[in-house]
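> So the protein sequences, as listed, match chains A and B. Each residue of the first sequence is one higher than the one before, starting from 1 at the first, in the working numbering. Each residue of the second sequence is one higher than the one before, starting from 1001 at the first, in the working numbering.
Keep in mind that the hints were calculated from the coordinates and are not lab data.
So these bits of chain B aren't anywhere near chain A, every CB distance computed over 10 Å:
#1 1137
#2 1139
#3 1146
#4 1147
#5 1164
#6 1173
#7 1200
Straight-line Cα separation of at most 25 Å, SDA-like style, residue types lysine to any residue; simulated pairs:
#8 90(A) / 166(A)
#9 1210(B) / 1169(B)
#10 1245(B) / 178(A)
#11 243(A) / 1022(B)
#12 1245(B) / 94(A)
#13 246(A) / 1019(B)
#14 85(A) / 17(A)
#15 20(A) / 1019(B)
#16 243(A) / 1085(B)
#17 1202(B) / 1223(B)
#18 246(A) / 1086(B)
#19 90(A) / 1245(B)
#20 1245(B) / 84(A)
#21 168(A) / 1018(B)
#22 247(A) / 1015(B)
Bear in mind the structure is a predicted one, so any value in this text is a computation, not a measurement. The beta carbon of each residue, even a glycine, is placed where N, CA and C say it ideally should be.
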Amino acid sequence: MAATTESVKADAAEAPLLNKRNLFLGVALYCVFYAWVRWYEGVYGWSAGMDSFAPEFETYWMNFLYIEFVLEVSTAGILWGYLWKTRDRKVMSITPREELRRHFTHWTWLVCYGTAIYFGASYFTEQDGTWHQTIVRDTDFTPSHVIEFYLSYPVYIITGGAAFLYAKTRLPTYQQGNSIQYMVATVGPFMILPNVGLNEWGHTFWFMEELFVAPLHYGFVFFGWSALGVLGVLNIEIAALAKLLKKDLA
Amino acid sequence: MSASQSAVRSRAEAVKVSRTFDWLIMFTLFFVILGGYHVHFMLVAGDWDFWSDWKDRRLWVTVLPIMGITFPAAVQAVLWWRYRIPFGATISVMGLLFGEWVNRYFNFWGWTYFPINFVFPSQLIPGAIVLDVVLLVSGSMQLTAVIGGLGFGLLFYPGNWPVMAPLHLPVEYNGMMMTLADLSGYHYVRTGMPEYIRMVEKGTLRTFGKDVAPVSAFFSGFVSIIVYFLWHFFGRWFGSTAFTKGS
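One chain only, chain A, in its complex shape (with noise of 0.2 Å):
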């Protein structure tokens, strides 16, 4: 009996398996940035975003360029840091429900890594073609590229290297190397990001015009394709789970 009101009781103080608080604040703090985001796009497009010479196009945008890189990389270095400095050192003795537990967050980190693609990869980039197509460009940092290239990409790619160092840090699963997929999944989407190179140079230089199926934008589909890595981490993931559930499930 008092083995039992133990037991009970440490049940009751252990943290639970998935944070559902975390999960939920996670994807609301995507969603509601880039509302206003949304909201700072509409009104500040057309009213400071159509001539980069123009002094409100500093204020506006540029800015808001410069302070987004400060911000990005400050994120980047402290999240992916704390997340490396607090890594688990031995993490093949933990027991098979904390093991299960980490395997929850893990999943918090793949939804918000999800939200950030859908936000960066659909949202804002096809968002760029109707701005291109109907707007004229004169510079490489329009409203739209300000946002997608260097807001949107830049921040599903922290979220993705956030996800894949918290596997590699504290998951079982992933301490026998570095599996190929999901590399693939999060660093062919970061590649992404480089090819805006390409797509800045030929457009400077040599196409002027916004053809969505012009080659020129094709390294942008080949990194694309990389998203679908996310079908192997899915494979690893549910192999390990089944691992851990299947003589419950029996």
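Given chain A, work out where chain B should sit, using these hints.
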């Protein structure tokens, strides 16, 4: 194995944990695949999908199924071949359409003020359902590629017919004959995408007269078969679980 070595406390908890993971996995897969598929699709077929004056009987009908069958084939290669989940193609296409509709509404209309009936996305769901049903019924990758792939190409134009037909009606404007979609394009000027780069019904295929769309659809279905095979194996590779050697 003692109770302390189990990850869960009871079978009920194991079931609950398993179901919770299902939701987390579905959410993540939906949005990550949506992101990759959408980037791919908008940059290899997007212009024909963005604007109704690009939705012609030749290149729209040819290009979109060929480029659209890619991710559904890859996703089926994992969801069906590993887990016997029979809606890989449909869920991929629904993801793509979700991304497109949100965009057309909030950005094409909401930011740059084009009317929705000029920028609505193309319909791909009928072809995707056929892909899934053929795979479910046959369990065969080859049959899915040949019958489903061909169906994916053939069904594209009729699947979009009801919504496109009014926009393909002929109108006379300043002595010139054009479609209602063309007329919309002339009125809604897109400075960054001038008329001379619009690719619609160029070339000798018009020799076939009224048969342009069926010929294009058959060609599209034929290439879709090949693309399905190719992307099935891409999907298998992306679903692999190999690790680099640990240190």
